[in-house]
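S.K.: Sequence:
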Amino acid sequence: MNARTRPLAALCWSALALSASTACGPTAGSPGGCSEVTCAGCCAEDGTCVAQTSATACGAAGAACVACQEGETCEAGACVAAQAQCPAPSSAAPSARSDFALAFDPVGRQLVVFGGDPGVAVSCMPDPKFEGETWFYDVDCGVWTRSAEPGPSARARLAGAFDTRRRRFLVFGGRYRAQSSGAYTNYNEVWALTFGANGSKAHAWDPLVTSGEPPPAMSSTVAVYDEADDQLIVFGGNASTSGLSYAPNANVWALSLSDNVWTELVPKGTKPPAREFHAAVIDPKRHALVVFGGGDANAFTGPFLSDTWSFSLDTHEWTKLATTGPVPRGRIRGALAVDPERDRVLLFGGHDDGQIGERNDLWSLDFASGTWTRLREGDVFNTAGAGFCDFPSDFVTPDPDSPERREAHGLVTVPGRGIFLFGGRSDCGNLNDVWLLDPETATWRNQKPTFSGLSCQRSGKSGCTTLCF
1 MNARTRPLAA
11 LCWSALALSA
21 STACGPTAGS
31 PGGCSEVTCA
41 GCCAEDGTCV
51 AQTSATACGA
61 AGAACVACQE
71 GETCEAGACV
81 AAQAQCPAPS
91 SAAPSARSDF
101 ALAFDPVGRQ
111 LVVFGGDPGV
121 AVSCMPDPKF
131 EGETWFYDVD
141 CGVWTRSAEP
151 GPSARARLAG
161 AFDTRRRRFL
171 VFGGRYRAQS
181 SGAYTNYNEV
191 WALTFGANGS
201 KAHAWDPLVT
211 SGEPPPAMSS
221 TVAVYDEADD
231 QLIVFGGNAS
241 TSGLSYAPNA
251 NVWALSLSDN
261 VWTELVPKGT
271 KPPAREFHAA
281 VIDPKRHALV
291 VFGGGDANAF
301 TGPFLSDTWS
311 FSLDTHEWTK
321 LATTGPVPRG
331 RIRGALAVDP
341 ERDRVLLFGG
351 HDDGQIGERN
361 DLWSLDFASG
371 TWTRLREGDV
381 FNTAGAGFCD
391 FPSDFVTPDP
401 DSPERREAHG
411 LVTVPGRGIF
421 LFGGRSDCGN
431 LNDVWLLDPE
441 TATWRNQKPT
451 FSGLSCQRSG
461 KSGCTTLCF
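For the sequence shown, the numbering used here gives the first residue as 1, with consecutive numbering after it.
In short, the hints are calculated from the structure, not lab data.
Only true hints are included.
Computed Cβ-Cβ distance ranges for the label pairs, DEER-style:
#, residue 1, residue 2, range
1, F381, A202, 44 to 50 Å
2, T383, T441, 27 to 33 Å
3, A148, S258, 29 to 35 Å
4, E45, V266, 50 to 56 Å
5, D140, T315, 38 to 44 Å
6, A183, V266, 29 to 35 Å
7, T315, Q52, 50 to 56 Å
8, P87, R166, 22 to 28 Å
9, E189, P89, 35 to 41 Å
10, V327, A247, 23 to 29 Å
Don't be surprised by glycine CBs; every beta carbon is placed ideally from N, CA and C.
Please put together the full structure from these sequences, using the hints given.
M.R.: This is the structure:
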């Protein structure tokens, strides 16, 4: 573990804080100064000897005191990463699923997952099911924990974001159907999962009582938290309750989280085409909503959208980004995550309108230049099937260093660690694996393997006769 050596700003201790140090002023035997000879602890800027070091005043004998960073402790005079107090290893995990809501709780250092669709397609035709569970994944310990608290009713194709000011997970929209056919029930309510103070794991779900102009009840939308203006932004989505047709829109709504008032924002400039199954993030440097891809009313068959748009949250003006370089193929149900250190956004996976369908390619979009760059090609199309849903065993040449091809998954940035991937749907079923991407090297690491949804080749089986078996 590496020591931190940063100068400490003026260190002024109250009489209470000085109970573990010498009196204020020069120490006995070291008038006006502090040294290894005269001080067993660290030396403050004013020459005071701090006899008992701590996270706020840490250093070796006679060395200058430094303040440890958040998440560090002082051991033997050096700032080192605090050891996570991990629970006992457990096999508990969410069921394999797609179309859930996902966000990162930076205080609790955990992924938060709610809802989703665990239904397994039959002959490539969806068989929707609905989850109402809440799960937490400790990003430092690699352990899943299921919440025992009651929450929203089961739903899928919902959107989620994390309100960092109040430490709460917000979910919006989604759909549910009790029977195996017929109309769905769409939602436009907002629920908040609020956590306790000081990193507490305590939590509780509550519906927000809102007013104003809410979005229509819909699914397959996006929701992002705008920390600068303290608002939840919702864009696009599908208002149809039919499983046989889509009714997408291109509208933007803002929920002010200081008073829970909805407002439909009046945009300037040309609006993007109406869409659903798209992906979006906040560009924090430019205070803008960035949207990529999705599908329109023809989202059953395509062609899908491959455009990239930016919506200024200051001026409410839409701009179609004039991207350069090769552009990701049009797709639905891909996922974006911001890489703030490199001022870019990363795109992973989704379902395209080409021969391969499910994707596991990795792309970056540089915010400043508007340039798309393919970081990993992923699996490569190899052999076509004989008919619908007839995938041969060599349908693709797999990229063994990338996760399984998928759509309707979750992707989230964890500062200091990388970008986490969870779940989704592949050609062979639903997934519940966890992967970690190093954005600097575009290297994936499998944190939690899945036991469903893998192609036959990836599962390590021999004698594969089809893609999945």
